[in-house]
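For the record, the sequence lines run as chains R and B.
For the record, in the first sequence the residue sitting at position 106 is 106 according to the numbering used here, with numbers rising by one throughout.
For the record, in the second sequence the residue sitting at position 47 is 47 according to the numbering used here, with numbers rising by one throughout.
Take the hints with a grain of salt, since some may be wrong.
[Claimed, not checked] For each label pair, taking beta carbons as the anchor points, the in silico distance ranges come out as:
#1 B:D55 / R:R166: 52 to 60 Å
#2 R:T37 / B:A136: 48 to 56 Å
#3 R:A106 / B:P443: 36 to 44 Å
#4 B:R430 / R:T15: 42 to 50 Å
#5 B:E387 / R:R166: 55 to 63 Å
#6 R:P110 / B:L331: 42 to 50 Å
[As the list claims (entries may be wrong)] Coverage of chain R stretches by chain B, computed from C-beta distances (three or more under 8 Å per stretch; other residues unrestricted):
#7 1-11
#8 124-132
The hints are simulated quantities; they were obtained by calculation from the structure and are not laboratory data.
Cβ atoms here follow ideal geometry from the backbone N, Cα and C, with glycine treated the same way.
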Amino acid sequence: MLKILSRMIHTGLLTEPQATSVENPTVDALQHELWRTLGRALCLRHVDAGSCNGCELEINALNNPYYNLEGKGIKFVASPRHADLLLVTGPVSVNMEEALRRTYDAVPEPKLVVALGDCGACGGVFGRSYASRGAIANVIPVDHTIAGCPPAPAAILAGILQAISR
Amino acid sequence: MNFDLVESPLQPLHSNVACRFASLSVVQWQRAMEALRAVDAAFLSLWGSDDRDRDGCFSIQAAFLLSDEAVVLQHKIADVAAPTYPSIAQLYPAAARMERAVYDLLGIASVTDDPQPDQHEQDQRGWLRHGGWPEAVYPLRRDVDGAQEYPVDSEPYAFVPVEGNGVHEIAVGPVHAGTIEPGHFRFSVVGERVLRLEERLGYTHKGVAKRFESLSQSEAHRLAARISGDSAVAFSWAYCAALEAVTATAVPARATSLRALALEHERMANHLSDLGALGNDAGFAFGLTHFSRLKEDLLRANVEAFAARYLLDYVVPGGIAVDLSDAARSLLAAQYLTLEREVASLRAIYDEHGGLQDRFRDSGRVTPDLAAQLGVIGLVGRASGVERDLRVDHPWSPYDMLSTQLVTENSGDVAARVEVRFDEIFESLRLCQTLIEELPDGPIRGAVPVAEANRFAVGLIEAWRGPVMIALETGADGAIRRCHAHDPSWQNWPALEYAIIDNIVPDFPLINKSFNLSYSGQDG
Chain R
1 MLKILSRMIH TGLLTEPQAT SVENPTVDAL QHELWRTLGR ALCLRHVDAG
51 SCNGCELEIN ALNNPYYNLE GKGIKFVASP RHADLLLVTG PVSVNMEEAL
101 RRTYDAVPEP KLVVALGDCG ACGGVFGRSY ASRGAIANVI PVDHTIAGCP
151 PAPAAILAGI LQAISR
Chain B
1 MNFDLVESPL QPLHSNVACR FASLSVVQWQ RAMEALRAVD AAFLSLWGSD
51 DRDRDGCFSI QAAFLLSDEA VVLQHKIADV AAPTYPSIAQ LYPAAARMER
101 AVYDLLGIAS VTDDPQPDQH EQDQRGWLRH GGWPEAVYPL RRDVDGAQEY
151 PVDSEPYAFV PVEGNGVHEI AVGPVHAGTI EPGHFRFSVV GERVLRLEER
201 LGYTHKGVAK RFESLSQSEA HRLAARISGD SAVAFSWAYC AALEAVTATA
251 VPARATSLRA LALEHERMAN HLSDLGALGN DAGFAFGLTH FSRLKEDLLR
301 ANVEAFAARY LLDYVVPGGI AVDLSDAARS LLAAQYLTLE REVASLRAIY
351 DEHGGLQDRF RDSGRVTPDL AAQLGVIGLV GRASGVERDL RVDHPWSPYD
401 MLSTQLVTEN SGDVAARVEV RFDEIFESLR LCQTLIEELP DGPIRGAVPV
451 AEANRFAVGL IEAWRGPVMI ALETGADGAI RRCHAHDPSW QNWPALEYAI
501 IDNIVPDFPL INKSFNLSYS GQDG
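Pulled out of the complex, with its shape left as it was, chain B reads as follows:
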């Protein structure tokens, strides 16, 4: 697929994948958005920056994935008194919440300049701001002190009401009944049937983007790993990939392979955990027992191989923190064989269990058409026929040597998301076996020079949930000027609102678990 802009040619951008960049006028911005929609580009992320100190402008950026490259487009906003940009939510529905977040953090508003009579008005409700800081304060602006604290003045949130005979609302959260992250779900139901679900998120907003700006380039990978703890390897790798691209750091081959090994371990640990929880949510506690046992075995192998159960500080700028010993290498080889056998036997039990399949099949369906329309990505997308996986489409090192097999399903229900998880575990096991068999010798860390100021780079990694992105702008003397982190949960949370429609309330935990989206990753 060839994508280019006539008026403003795309320039190469530092990244671990093929990536290009262009700065566009407002008209070009709108045209480019339509052109990208026409070539079925996957919309990835939208974020703003305050560049008034540098060029007197605010800016808005959007990132897209094409079949052979990633594209980042920027529009500079000169009107700093009332900064606006053309909304892209009509073309890319997933952008709607990101536009609200950009406004909450920077006061840059999205506008539709040619509103149609049947078009919805722009959603003015706060997304990340729940009244924890004053409306007139935009914390990500460069002249706002991020350390300043404000008393909470919580504001009522106008959920969209559903009216009709017998309709009532069920309000759930932000504190949920289990060990789950906080968020609010507002169900409008008739009897047990869900007519509408509206999510309200942002509860775990911790000011990650502002926090990045107070860290140095050499320590920010620790914060990146904690954007969403279950995707720690992916986010810290994405950060390091961006930093290494901008500093032209040579990462040793051994470190690259071990990063991939850690990433696949993270994928398998999460998939195992989800498969157990999905069995449990469908009333099959046996599944939880056995999959949580296998997950624990994997975490204990992590201690041998990577010196930690969860790899929050494993990927570091220039390489990795701990080398893999030969003893751990043979232990892993044996463990992969056991895991493969055990998962295959449990899969047969899941497949043949009538009660379980009865709950899985047809529940929470996201059809391929709906998935394409909403821009669903990652694991949930692949269960609805969206054939995208960075490891396959944009293989960065060492995935360029691994020929990862794409796993997809078309039915888009809970059963499909279960099948994708099973298949991806087997594919990850194959990758892990190859990685440890062909593990290069050599050092595990390269020297990372201090990046020059005002350089821009993007790191893109396929986490277990989908593609995560770090967009890094360097400051002077090893500082970070701006760092935007994107979790694929942004795209997929809105799809959950559709998946639950016409299902019954008691199936929500099952459907929600089959998505297993990150609150912390979305809230930032």
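One chain only, chain R, in its complex shape:
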């Protein structure tokens, strides 16, 4: 226990304050914008519609102590029924098409959809084929896209901010 406490004290707080702008938002800027538009915390639900798992690595990074997304009340929820915003990755594989539609239908209105990564935005290297429908927008309505392969956590934050402030 002493070792754990000592490690905590020596590490300190790592969450990063940064300059605030729409192009380079911080979690604080995001929280402020959320509070202004929603008046409460934002609940995200992630759906992997066929991703290579690269984007998932960067989504997970949002919860590390440097970005500390959840610490600001922006949280990933376990059910689409609890979500305000659907964060979708991947080209949509045909095997995930139905699951994606059903997940989208399960999110209560009003809802936002953000397509994350080059594949979600335009189909990426996989494109359209017998097995892939390409961009997320080919299957469900998309409000905003975030380019990158994979997009860095800061770009994901910026994209979420842009999506909610529309």
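Assemble chain B onto chain R, guided by the hints.
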């Protein structure tokens, strides 16, 4: 270990490791499979090809790892109206799903010609085809247009039912509750105890093999890197190794060393991430916080060293994309020392934490006997006494100069998979330190000539999860005729079904995370 075939001698095959090839008749194929089992060869991959335009046949290939070489065996199937080959799943259980995938993509069926009364029938259920394209369409055949799209006509899947007093099913997925890839798990449970788990995968099948055939040799490394994003360096290197072997490209020594540095960074980043997540899944959020912090530090060092957090476009044909600056080199040297110290201190905390060890020990056990029987490989295999690591057994350049230490455990539980990850991080750190200390000067990219048509090569790289393979067949004018990618998750997913038996449902996330297998890599 000496392996040879009397009737059909093995010929050398282009590869980054010692590798041989033979084309066999149906009888020779069956005999060779038994002979390989007898010498404890590790079954790696099974894939088919449509060669009707070239020699009027379909073909089936199987790759194996022996102690001193890799072997690829092929059987040509002349009956193109109803192509079949002898199943190898009785000898190599991991092949069962691959046989189903070969059928879904090419319509080549595996058969057992001498069925025993107690033997199971061949599993006819689709593995990659979930009704997204018609049953009579085999997308990997050369006369099928891969760009043609079909409406989804999803079919019910016959999970194996478990009957008995109080047995019920829990269906999970394909959309999971966290940030995880999609797949379906069907648990048959009594109370909390799991009697049986059946996996259904294939949800992220994106038609990678067909897509390869529309790319040129000089751009396909980008697709290879995206077969499983967490193994991007390994897959892109395996692709480049195959292409470079077939074109006799000289890769500069500096590029080779930096590829290895990138591969070890990929290994450490994934291990750090898993160690944090494993702590978290056992109720120890402190672990997640600290390991995810260390991972982020490593990713930020990647930006300095390789100009990207994740190295999806770092390994390119002929070399690497970005040179390592001297400033980044000294930054890395300092970072390795910090990382070593931090991981050692966190390991002491994990080791001494009673609650954590209570969850880790005895959970999700795969005994060495079971692992050998199922053909488990890679990290999960090494935690169950399977002493295989391409970096050790088949060291390609620059690993031939590094004497990588093999890390194994024998208990085969979550705790063993945690220990292997810790030990492999320290070994990777040692390799990285050596690599940057002895980094050769010189260019970072060699010229890659266009490969001649109809050449065959194999690239084998030990990714953090286990061995990944790219089997590349060249087409005319720099095109790709066929490219088969293999992720070790194929072998290890079936083992997870065994690991969970008799454990409780709430331990599944922990056990699953300790395997941390790729869905995308398996689904292709």
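Run through the hints listed earlier and report the numbers of any the structure violates, in increasing order.
3, 4
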